[in-house]
Structures are given as structure tokens and as C-alpha cells.
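Asker: I would like the entire structure built from these sequences, with the hints used as guidance.
Residue-level listing of the chains:
Number of protein chains: 2
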Amino acid sequence: MTIRRFAIVLTASCLFSLPAWAQQVIASAASPGNVLSVEVQVDGGGKLAYGIKRRGKEIIGLSRLGFNLANARKLDGGFSLRKHTSSEHDSTWEQPWGERQFVRNRYRELRVDVEQKKHDGRQLTVVFRIYDDGIGFRYEFPAQPQLKSVEILDELTEFAVTQPATAWWIPAGELPGLEEEIRKAPLREIGIANTPLTVRLDDGTHIAFHEAALVDYATMWLRKVDGQKLRAMLAPSPSGPAVVRQGAFTTPWRTLQIASDAAGLYMSDLVLNLNEPNKLGDVSWVKPSKFVGVWWQMHLNSGTWNAGPKHAATTANTKKYIDFAAKNGFRGVLVEGWNKGWESDWGHGGADFSFTQPYPDFDLPGLAAYAKSKGVRLIGHHETGANIVAYEKQMDAAYKLYAKLGVDSIKSGYVHEAGTALFTGRDGKPRYGHYDSQEGVRHFQKAVTEAAKYKLSIDTHEPVKDTGVRRTYPNWLTREGARGVEYNAWGNPPNSVDHEAKLVFTRMLSGPMDYTPGVLSLQGADGKVFNSTQAKQLANYVVIYSPIQMAADLPENYEKYPAAFKFIRDVPTDWADTRVVNGVIGKFATIARKDRASPDWYVGAVTDDQGRTLPLALDFLDKGKRYTAEIYRDGDGADYRTARRFDLVVETKTVTAKDVLQLRLAPGGGQAIRLVPQL
Amino acid sequence: MTIRRFAIVLTASCLFSLPAWAQQVIASAASPGNVLSVEVQVDGGGKLAYGIKRRGKEIIGLSRLGFNLANARKLDGGFSLRKHTSSEHDSTWEQPWGERQFVRNRYRELRVDVEQKKHDGRQLTVVFRIYDDGIGFRYEFPAQPQLKSVEILDELTEFAVTQPATAWWIPAGELPGLEEEIRKAPLREIGIANTPLTVRLDDGTHIAFHEAALVDYATMWLRKVDGQKLRAMLAPSPSGPAVVRQGAFTTPWRTLQIASDAAGLYMSDLVLNLNEPNKLGDVSWVKPSKFVGVWWQMHLNSGTWNAGPKHAATTANTKKYIDFAAKNGFRGVLVEGWNKGWESDWGHGGADFSFTQPYPDFDLPGLAAYAKSKGVRLIGHHETGANIVAYEKQMDAAYKLYAKLGVDSIKSGYVHEAGTALFTGRDGKPRYGHYDSQEGVRHFQKAVTEAAKYKLSIDTHEPVKDTGVRRTYPNWLTREGARGVEYNAWGNPPNSVDHEAKLVFTRMLSGPMDYTPGVLSLQGADGKVFNSTQAKQLANYVVIYSPIQMAADLPENYEKYPAAFKFIRDVPTDWADTRVVNGVIGKFATIARKDRASPDWYVGAVTDDQGRTLPLALDFLDKGKRYTAEIYRDGDGADYRTARRFDLVVETKTVTAKDVLQLRLAPGGGQAIRLVPQL
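If you read the sequences in order, they're chains W and D.
Counting in the UniProt record's numbering, the first sequence runs without a single skipped number right up to 679 at its last residue.
Counting in the UniProt record's numbering, the second sequence runs without a single skipped number right up to 679 at its last residue.
You can't tell identical chains apart in this list, so a pair holds if it fits in one copy or across any two.
In the DSS-like style, the derived pairs of lysine-lysine whose C-alpha atoms are separated by at most 25 Å in a straight line are:
1. K340 - K118
2. K319 - K340
3. K429 - K118
4. K453 - K404
These are calculated hints, taken from the structure and not from any lab test.
Nothing here was measured: the structure is a model prediction, and the numbers come from that model.
Answerer: Have a look at this one:
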């Protein structure tokens, strides 16, 4: 027997004013341009739900809102409206770095305050921010004596997709660092997904489900309840309920970017807009830039992280990279394997790492000084083996050391065999748990905010997903959080030929990725070859956004391909503007970006295994100006499946805003263009 | 970057003997009749996996085994074989009550002892019991100083179904009491499922995934990882990791009943066989029997649970039921709404129930005595509102009271709005959590073992699922745990016409169900009608097994249909043998059962919305004997969609074991037969 029965009985006793199945709209609002609208309803049992329409057509059907709590009666049902308010907002803010300098933040906010009269009048607010290109909503828990602490067992938020849809997804909670291959499947066939979860409805509407401002809360995964109905699933904690908070707090924003096509998804600034403004003040010490590193040779098995005959992080080898960086205008030199501890079984525990003691053959202070003398900076490296307990003990000393040496950015790593990291549980004891748990989220945040105190920027590998927190803490420069180019060295299989065309409209919707592009040699370990042409390696610098970009290949390989290498030297990593010219998920993508430091534009286009010709209207260029287009394109016979993957043509053309270029991409190919105004 | 990369590096340093992707068979065994076989493998990273073949064909592909722990390094990878042993077992045991008196337990056991040499030599054993009709396996944690307590974050057990398959499933963790409609979908489209999860592979093989001996552990749900690969998902605890155990312990058995058809699934005794033998000794005080009750009238809205003008549980009304029971040979009279506390908002909290104080208009001692004087027993009723904290405080006193009054069985209820029950968390504080959590499982178990001390039998409504624990504690007579007949009173919609034909091969694989059949009036509240003919109501007594069965309709309705009612009076609830004659999931099912107290056989057959004629070979009857078949069949024009749903023909025939009857079932119909040997 269920309460359904008793809802009727209770109705008879007038406890509810409506039968349990009756729906009543209690609030609604539309976006400023009237593209999207939200309706909030309550049923006879006082259960809250919302639905979303786009241009009048329902795209998210009635979807539940609420929580099961562990320490109190649930926040699900028994709700009645206290009040709702609606307000319109329009402002523009400036990013210290990013894909565009100025971001417009135009939305209508709908605040819905509800209470559970029967449960001591407990209150909850659901706030919707309704943009023309997406919707975010979050729950606000006020400070209230009836609910001083909140222990969340389940978040019940649902997303009922009304039409049959195709999903591009990765499983949640599996490989740490979100390094699963991106899968394509009918939405009704997906498992538990991490976000962004991108879906294309049968009518062509695209939706990306994600979250914004994931701070001190468990990561939201999405599980299918039934059919095409998704429900939030909070990453479990090893210490108790998924989320424990005290006093007033807000949840992360649950976000839906909604557009007519894939390009429209990418053009939305919803997730950044829903984050808090910069809390660090002057962040001129955060430096978008390019770097090289003692790194790829280890992936090729020609060097090792640990000390020994093949140790890569030696003083001599690092000097070679510093010299190469200085000569070619790269600001950073990353060195992995510089510190003691790599001999141990670190991938399963990581307790033996020192973050302050270099190997004897690595002269850390000397190299830091040498780099500075050449106008270059070492990039620090902290591989934790996902032993966060051990790392946090050394973190302050390690940050201090780097700051003292003038190292101003750190790549951190959390490699662990699939599953769990070791962090401090809520009871203060060490606990193995999911990276995505509230405890995990707290650590990644702490690593960044503590780093800010030393004016250090962070590039997190094997991270929790990006939710736009970089707006608030601009020293969180980038992260990995997907399969990077390293999989082409040793992946079994390597990255698929359509990987970038999928990444752009899935993982990249969350934020920058340290993709480590630019391996012009197109070769991994043991004879493995990339599913890519050389031109595509260049295009990736524009297509896959990161404020710090690696030139990942070995210096000697760059010396073999000076023409191609010129583009890598030229391309900036900080942009005044970004336009997605076209794109179909997993098929192709073309992105144009304007340099922030010059009037130059850059274009990157990538394709899957299909060769194709994509028109590129140059209407983003300044009218009336002539530009020199430096074009790096696939040769006529280029093909990622043959030795002709190296066929690259570099040519220049004079163009204007009126021109339409035809970008011919080889199978597995790409194209990169620099557009420089003529004087 | 992931550890995959480093597995190669580590291989180079000889930490592993095989590359991570190489598989090595470390143990294998086949069932006694060589129908099913299991292979256990380890890969180069020491990860454990198993696979299952049926008659040489792989049906479960390589599937992971292991755990993520919260308080220690995971038990996943780094394993090497210590030893494996195999042994054959064949015995027969007797049930105090059940679907058959004697149960054969014939299997080959394969014990695989593994250790993690690098992790302090931690040991784990996986034990497979391989039957011809199914496989169970469990993990055994030995007492070991390196792992004194075990906190399980995730159980990683997988079930990789090799062929496309159709699933019949219900979502896990949603409606308490497992009262979801049974859904049919391609296996790849299911959400998080409770078990039994029944699937039919494209080659016709049927598999039911379930568990046996769920004691002091979290309930296993099944989630889809990807495609058709399922993984155990332990019901979350509000107090920390899903499972916390000390010292040596074993997990529940993970079970797969495997057969060529649906009938074969039902005929398997795997789940009972994998439970511990009876721990209660003499259980002659456990009484399979039939009962009536002050119950259906509340569902029809003509009575109320709480006191007032329509209060149903009055002394006078109860006497009427006692008289009716005595007159018609029913042993029990259930009375709901007898105790104080129903006025409050109990379905959301349940704190106000008294389990010892009757309403003033209900003379509990007097009625108990009156019943006994008539050879009838009151059946106790404990509705907890899922407030287990409050219930456990009163449980002992409540049991004591009933025992004193001669009440020897109790129907308990745990109605709560979807989601959570209130129980005592691991920290001793009240916690709202899932019924299926380790805490929930512990309570349901405690309610039964404590009841045994007072020789009380339990019929749990809104229970955790059955996993055969009734073998160990035979006073756990039955439970609800699915949509019962009550949904026909007020369900929106009521039970579907194919409900029973689905139940038999899904929910009923787990154990008895208090289905409350026999509503001959075929009518719910507010003019709702059953999707059933009257004949089907009779068939349900045979088709849906329970050692205690209700005659759920109002006495006055039985008086209207004396011919049909005779079958309800005759049919026993305890069986010497059971044969599934035929069945297709969701379409039809025919079951023949031999009475344990007489030489009579009973047959029940039910169909979905299709009328059909099913042959019934009577070869189960004693050869050479003549039987009188008392046949209760759908009339020729019977149809569940029309008023002719009441068309019932009762006829008798003389038959022998050589006869084959043709059972003609109307759309939505059924047939019930009693076979009595002629002298």
C-alpha cells in the first residue's frame, strides 16, 4: 500500500486543497526575448515541479523539484506558495581572460518562495534565471531554526525530455578525470551520466544539461529514471549523506543550454554568467600563455617520471626545453617527474610523494632562475596519486616554495586507478571516496583558493568537472577532464577521429581544457599513429579552448616542421571574441576567434573521418579592411589513414569581410587560419 | 591522464606479470549436469572478473568483481590467486511450509581465494555455487588484521549480458514497497532497477538477476553501466558508506536463475537453496492459512482507519468478520485501524501510533477471546508510517501484548510517501533513509527475529524485497512488495490486465506475496472495475503464491457468489509440490500445485487481454487414479472489458493422468481447477 491511497483519505479530511494528481501553476516567466519560458506547478500533495517551453513548444515536461533529507523530513511535497517575484536583468561584465572579453548577462529571474506549512513552516526558494539561450535554476535554503543543518540524501530534481533524443555522454563516477570516450546513444539508453550531457531532440533542438557554480556540494550526475526522464543523482560521499551544509546556503545552478543547433549551445555564456564575479580582485598575475614541457617523451616511453637511467626531468634536459621555449616565444616550461616519490606504487596510493624535494639530478632553484633569465617560467607539477590527505599536508609548503622561486602556475594531477581518491572525511578521518563527492569538490576548490594566496594559477588534471568557477577564481586557468592527446601515445584505442568534433559540443561546454595539442609528428608509442592530419593538430589550438596551451611535441619534431610550427608560435590563447561558425556534434566544427592582444583573427576547423568542404564567411572581419589570410590546410591528397596525413599546404591570400572561403578538410583533417589586417 | 598509462610503466618494472589488458583464467567449474559453467579471470592489473556459459554459449561476458572501500584501499585490482577448490554437493531438505515440501540442493561449489600481495596480503574469497538452473556467488571477507572493519562504498560486481535482451523491471528506490508497475523495455533502456530483474535474451534464454540471503547488507540495485552491462548499486545509507561490517562476514549471494523459458525460471529453487537453514527450530507455531479482514471496506471508502463515524475496526464489525471466518473455515481475521494514532499526519511521520492502545470502540482482549472461542485468530496489525524509530521503541511491548492475547501473526506496514523511512542511523541518531539501505534491511530482519521470540509470524507490507530469508526464519510468512489488489480499488490506473502474468515471472521469483486476491465483486471505489474476470480472481490463489492468503472481498459479496466462493474456501495455502505448466512473461501462466495436507491438486491459469486456449496435460496426477476435476472457468462470453466479466462456469469432470484438458481463458480471464482423487 502506498501513500497515494492516503492522499485521497487526507483530501477527504481537507488537509490538502487539491487531489494529489491535480496540477496548479503557481508561477511562470519567460526570457527577455520570449524564447524560453518556465512554469512552476504544485500538485495536490504539494509536490513542486517545473516545465520548460521553447517558442511555445514544451521541451522539458513537468519535472520534479525537491530533496530527500537524511536528518529531517523531506523537502518534497506539502509545499505551498509564499510568494513569487520576477525581475529583469541586463548587464555586461569583463573577463580577465577567456573566449570573449565582454559577456552579456541578460535574463529574467523568477524567484519562487514556498513553504511546508505542516512541517513547522520550513521554507525553500527555487530561483530560475531564464535566458534566451538557456535556463539555470537553483535552490536557496534560508537560515531557519527548523532546519539548522541540511543533510541531503537525494536531490530529486528531474529533467523530463519530451521528445525522442540522441545523447552524447560519458559515464559518471568511473574513470577518474572524466577520461571516458564520449558515447553516442539514444537518450533512453544512457547509463548514469556526468555533465555536460548534450542531447539533440528529434526536432533539432539541442540541450546541454550541466551545472554552474559547483562549490561545497556534491557533483550532479544524471540518471535515467525511465524513458527519457533524467534525475539528478548526487555523487555519494563516504562520510554520510551526499551533502551536509549548515545554515543558509544555495545549491549549484542546474543548467540547460538550449539552442537550435550545436553552434548555439557553444555560444551560450549561461554557465559563466551563473557564477559569482571574480573574488580575487587584481588577477594580472594570471597569465594566459603557451608552454612546452618535459612530458611527451615519457608518454613515448623514451623517458621516465622516476629517477634512473631514463629520467627525463634532469637539469640538462630541462635547460634544453627552456632554451627552446625562449627561442620560440613560449612562456612556460612544464617539468613532470622532478620530485621524489615516483618510484613507489604511487598510482595506487601516492603517499610517498614529496612536493618540495627535487630528485638530485634536478636543480630546481637553478632552473627556475635560469628560466627567468631567459624570460621563461617553469610550470610547477604536483602529482598527488589522488592521495589528497598527503597532498594537503604539503600543499602550503609546496605553494610557498614555488612562489619563492617565481613559479606562478602549477599543473596538478590526481591519477588513480578507476574509482576513488583519499581525502579527509567529514569525521576528520581519511576516507576513500569519489572525486565528485562533496569532499572531493571541496579539495579541488581549496587547492585553487589556497593557490590564489600565493598568486599561483592552477591547471588541474584528473579534476572534478568545470562549472564556470573560473569566473570567481580566475587563477583556475584550465583543467584536463577528458581524454587528451596523451591517449594517442598509448591509448588502446587512441582517440577517435571524431574526438574533437565531439569534445567541442560536450566537454568544452563546461570550460577550458588542457588538451596538449600540437603533436606534429602524429606518432605515439610503439608505432601508434594519430587519427589526425597535421593540419588538424594546428586547428585544435583554435577549436579546443584553453588559456594555457601546450606545444606538446618534442622540440626536435618541431624543428622538422618549421612551416607548421609557425602557426603554433603565432596562435594566442586569450581572446576578445569567439564565434562558432558551424558545427555538427561528432562531425565537424569551425570556430573563429579574435585575438585579445591584436586585431588578428584565428580560425580552426576540424572534421571526423569524412572529408568535407565547409564555407567560411569572413563577415566577422572589420568591414573595409584587407587581411592577409595565412592558411594551413590539408594537402589535396591528405588523409588521416595514410602517410599523407602529413600533407600540409601553407598559403596566403588577401581577403575582406565580404569573402567566403571554402575550407576543404581531408578525412580526419582540419584547417587553421590566421587573419592579419594589412596596413 | 589515467593509471592505464602507468600500468604499462609498472609492467616494465615487473610489478605485474601481465599487461593490463591480458586475461588469464584462474579457475573454472561447471554445474553437475554440465549445463552452466563459470570462468574466473584475472587481468594484468590483477582485476577479477567472471563469465558464464550455458551449454557452451557465453551468456554473461567478462564481468568485473570487487569493491571500492571507504576506509581502505579498494578491493579491485592487484589480486593474485591463492588457491581454488571445487566440490560437488547434493542434498535434499524439507520446508516447514512452501511451494514444495522437499527441495533438492545440487550444485558444484567453486571457491576462489585471492589476495592483494602488494596491499598487506589482504584476502578475499569469491564462492560460486553452480546449479543446472542458475548460479549464485558471493564474497567472503575473512577476519584479517589488515582489514578489521570493512566500509563498502561501491560494490563493483557486474553482469554483462552478451545478447540483446528484453527486460521486465521496476525502478529502485522510488515508491516504497516496490509498488511500481512492472515495465517492459529493451534491457539497454532500463533505469536503476530493483531485483528480481527478469530478462529474456534474443535466443530465448531467460535470466532473473536477484540476490539471496540479504542480511545486514545494503540491498543490491542494478544500474546499467553502458549498453547491456549491469552493475550492482548498493542502496545508499544516510549514515555513511553503503555497508559497514566488522570482522569476518559474507555478502548476500548474487543470483542468476537461468532457463530456456519463463517456466524454468520459476521452477528454480536457487534463492532458497542459497539461504541458511532454519534457525528457529520447531516452527509448528507458524501457520499457513487463509484469512479475512476489516480492510477492503476502507479501500472502498466505506470505512476509515481512524476513529469516527465510519470507523471500521469496531468491536461489532470485527465480530461479524470473526463469525464469517469461523463459518467458512478461515483461520485469521485481520483488523486494520484498531489502534490509536491514525488521526495524525501519519503517512508523513507516523510518530503518533500506539501499538498497544486500541481505540475505545475496539475491544481487543474481548475480540481475541471471542475469536479463539470460535476457532479463529485475530491477525495483528502494525502500521508504522515508516517511523521505525518510534516503532522499535514499542515493538517489544506490542509483540508481548499480541502473544499474551493469542494473536500469532502480524501484518506490518511501512507506508510513507515515496522515498524514505526514519530509522536509527549508525551514529545512533534518527536518520531518514532508503528502506533498502543496510539500516532498513536490519530493521526488517529485526522485526522478524524479535517476533520469533514470541512465536509470532510476520507479513510485511511495504517491505524490503524477499531474498529467501524465510528459509532461515520461517516466521517471515509473506510480504507485499508489489502492486497488490488494493490498486484495483483506488489505483490510477488500476492494475493492468497482464499484471499477474508479469508478477509470476518477476516479483514472484523472490518469494510469497500477500496479494489479497479473491475480490469476486470485481469493483473498486468510485465505480472502478477490475481488469479481470471472476474466474481469474480464483486462479490467482494458485498462481500467486503465499502461505497466508486473504479472501479480500466483503463478506456480503461472498454471499452473492457462493459457487465461486467455494473454491476460495477449498484452496489450501501450503503445498507439497508445484509445477509451472506453461507461461510467457506478461501473457499467460499456468501453475499446478499439490496440496500438502491431502492428495488434491490445484491448477490456476491466467491470461492477459488475449483470450486463449492452453493445453493442460494432467501427467502430474497419480497414474491409474481417477480424479474429479472441479473446474471454475470463464463463461463462453466472458470478457474483462464488459459486464460479462462475471460469467463463471463451474463444472466437474472425471479425469486421469492421461488426459489433456484444454483451458479456455477469456480476455483478461483465468481458470481454477481442483482435482480430487475419487475413492
